[in-house]
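Following the hints, put chain B in place on chain A, whose structure we already have.
Going down the list, the sequences are from chains A and B.
Residues in the first sequence are numbered from -12 upward in steps of one, following our numbering.
Residues in the second sequence are numbered from -12 upward in steps of one, following our numbering.
It is possible that part of the hints are untrue.
All copies of an identical chain are treated as equivalent in the list; a pair is satisfied when it fits inside any one copy or across any two copies.
Restricting the straight-line Cα-Cα distance to at most 20 Å, the calculated cross-link-like pairs of lysine to aspartate or glutamate (EDC-like) are [to be verified]:
hint, residue 1, residue 2
1, Lys0, Asp89
2, Lys28, Asp171
3, Lys(-4), Asp89
4, Lys(-4), Asp135
5, Lys0, Asp84
6, Lys0, Glu101
7, Lys0, Asp135
It is worth saying that the hints were derived from the structure and are not from the lab.
Note that the structure is a prediction, hence the values are computed from the model and not measured.
There are 2 protein chains.
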Amino acid sequence: MLSEFDLIKRYFKRDRPAAPGSRTVLGIGDDCALLAPTPGKLLAVSSDMLVEDRHFFAGADPFLLGHKSLAVNLSDLAAMGAAPLGFTLALALPGADPAWLDGFSRGLFALADEHGCELVGGDTTRGPLNVCITIFGEVAPGRALRRDGARPGDDIWISGTLGDARLALAACRDEAGIDRAALDAAHGALAARRLHAPTPRVALGRLLAEGALARAALDISDGLVGDLGHILAASRVGAVLDVDALPAGPALARQPRALRRRFTAAGGDDYELCFTAPVAGRDAVLAAGAACATPVTRVGRIAAQPGLALVDADGAPLDLGLRGWDHFA
Amino acid sequence: MLSEFDLIKRYFKRDRPAAPGSRTVLGIGDDCALLAPTPGKLLAVSSDMLVEDRHFFAGADPFLLGHKSLAVNLSDLAAMGAAPLGFTLALALPGADPAWLDGFSRGLFALADEHGCELVGGDTTRGPLNVCITIFGEVAPGRALRRDGARPGDDIWISGTLGDARLALAACRDEAGIDRAALDAAHGALAARRLHAPTPRVALGRLLAEGALARAALDISDGLVGDLGHILAASRVGAVLDVDALPAGPALARQPRALRRRFTAAGGDDYELCFTAPVAGRDAVLAAGAACATPVTRVGRIAAQPGLALVDADGAPLDLGLRGWDHFA
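Chain A with its partners taken away, still in its complex shape (with noise of 0.2 Å):
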């Protein structure tokens, strides 16, 4: 049987040379890491816990569950505008399977390297199935992208596409409307991987934020009414959403119009960034996104009047009785 010192030692402690650049002074094996911030940045914090039957199936592939339990931590730095550092990872295990930490720890450092994000420290104990993983990113005094910073007029921009990721829980869970024709083998595919392999969106995060581009933005991760709300709130502002406009998934666009409309503006777990900026800086947002080869797509407007007001193409209003993912509701 694995101890857990030697499943730490096997798994997750890695024996090479610092990457250039990195800041840890100190890795895994003492009571704390050690980190040398950058002088003159800001540290940014994130934390996200994933739990078994809540955030990923029981018997979920290890490596795509190593790659979104750092993917969605990741996907919060993108939305500060932040570039990665390193991060913590606390995990619960019913037990030490090998093939589970292998698979495991193979998609967390596939992810992690592809970030220069290094894992610097955790936790490990017995215990129900659970991820916690805390990350940290620098980014430059009064460049973060926070979510009280949208003004009326501002446009509302979503990078890549949404809803494809709801659109393969739908089907998992065998939901009513679904166009079973439209999703063969190879768009559940796509949508599955949407699901289970999220794309943090870290580039365009910190293009938006070094170039001074977006005045708001966070991560879609309880579906995009919720989440934009969530500016809205922060901002005191209002917002007009053009459900037509949403970008859909490859997959879901082949969905019914209502399935699409409530998948794209309300489905969760799409790890997009929704962000505001001002209309003068729509050339220069479309130029960050080729940039990082991240398509954005304009889909409303910030307005100085409360509320979230959802219209169609023709600018009809729209009552989708949709609202955001509460864990407690």
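Chain B alone, transformed into the frame defined by chain A:
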């Protein structure tokens, strides 16, 4: 029913001016918290995950659990000699129980306020009860109390007392070997307090680091023998430990010698500091302990020869068959 956002607002978001010396630029309510690191300091980071039925009993007093969840993290900062800055809290809850949340948050904030350590962000979700805290502190470069600095000839020191937490656990489990008459109500309460409300030795750790008094340190969470083994391995040294010199807690001190030896040497849940220091610094170590009203006791010596030798008061070898706690053993 309390929503996720109401829960955070009611129990965890505090509307009050930042404390003097706060490094928090942006707290709860955005994608990330933003901290402004003190120029020239290193950032110390640690995560601990507490799982029901593993680290605490089902039905544990939520006030004490709030205290302990933060205390074990502060203890990691103490072991590094770092000054607390702030922490994130990720919480999986079976449900949103107002009485539990009220007690937990009060216990958490009472200790946080004592140490000027701000809650800056986190996550809440539904799931089997799990408390994951990541804590941040600061320490001057070259002053951090690492595990790899012990040298042959160093004294081994212990803060406070050992074993009362383990005695309380033994009493709960009705383990053999306890002198029940000696463990009366008053001493039972003393022991229980050490188990449920440990005192992190933050002030002592900072004095040891700032004065460059200790060469190596860690906090004792899994039992002294196992934890001291980490210092020995990291420093590539050995040690002789005088088991009869180990300071027993007031409840354990009244127990039979066999129990006293076992529970001081390998109890667990002590959250005291174990550190090594040069012989020439004995007076300075005693003065540091006195300055922060934390007893410090010399209990052994670092040796060049690898291995940990346990001896009794006469220097005769003792084989107690002890080892540290392993969550996966």
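message: At most 20 Å between CA atoms: does that hold for Lys(-4) and Asp89 within a copy, between copies, both, or neither?
response: within (12 Å within a copy, 39 Å between copies)
task: Can you give me the call for Lys0 and Asp84, within, between, both or neither, at a CA distance of at most 20 Å?
output: within (17 Å within a copy, 38 Å between copies)
message: Within a copy, between copies, both or neither: which one fits Lys0 and Asp89 at a CA-CA cutoff of 20 Å?
response: within (13 Å within a copy, 38 Å between copies)
- prompt: Is the C-alpha distance from Lys(-4) to Asp135 at most 20 Å within one copy, between copies, in both cases, or in neither?
  reply: between (43 Å within a copy, 17 Å between copies)
- prompt: Using 20 Å as the alpha-carbon threshold, which applies to Lys28 and Asp171: within, between, both, or neither?
  reply: neither (48 Å within a copy, 56 Å between copies)
task: Tell me, please, which holds for Lys0 and Asp135 at an alpha-carbon limit of 20 Å: within, between, both or neither?
output: between (39 Å within a copy, 17 Å between copies)
- request: With 20 Å as the alpha-carbon cut-off, assign the pair Lys0 and Glu101 to within, between, both or neither.
  value: Within one copy only: 18 Å inside a chain, 34 Å across chains, cut-off 20 Å.
In summary, the structure is inconsistent with hint 2 from the numbered list given earlier, while agreeing with all the others.
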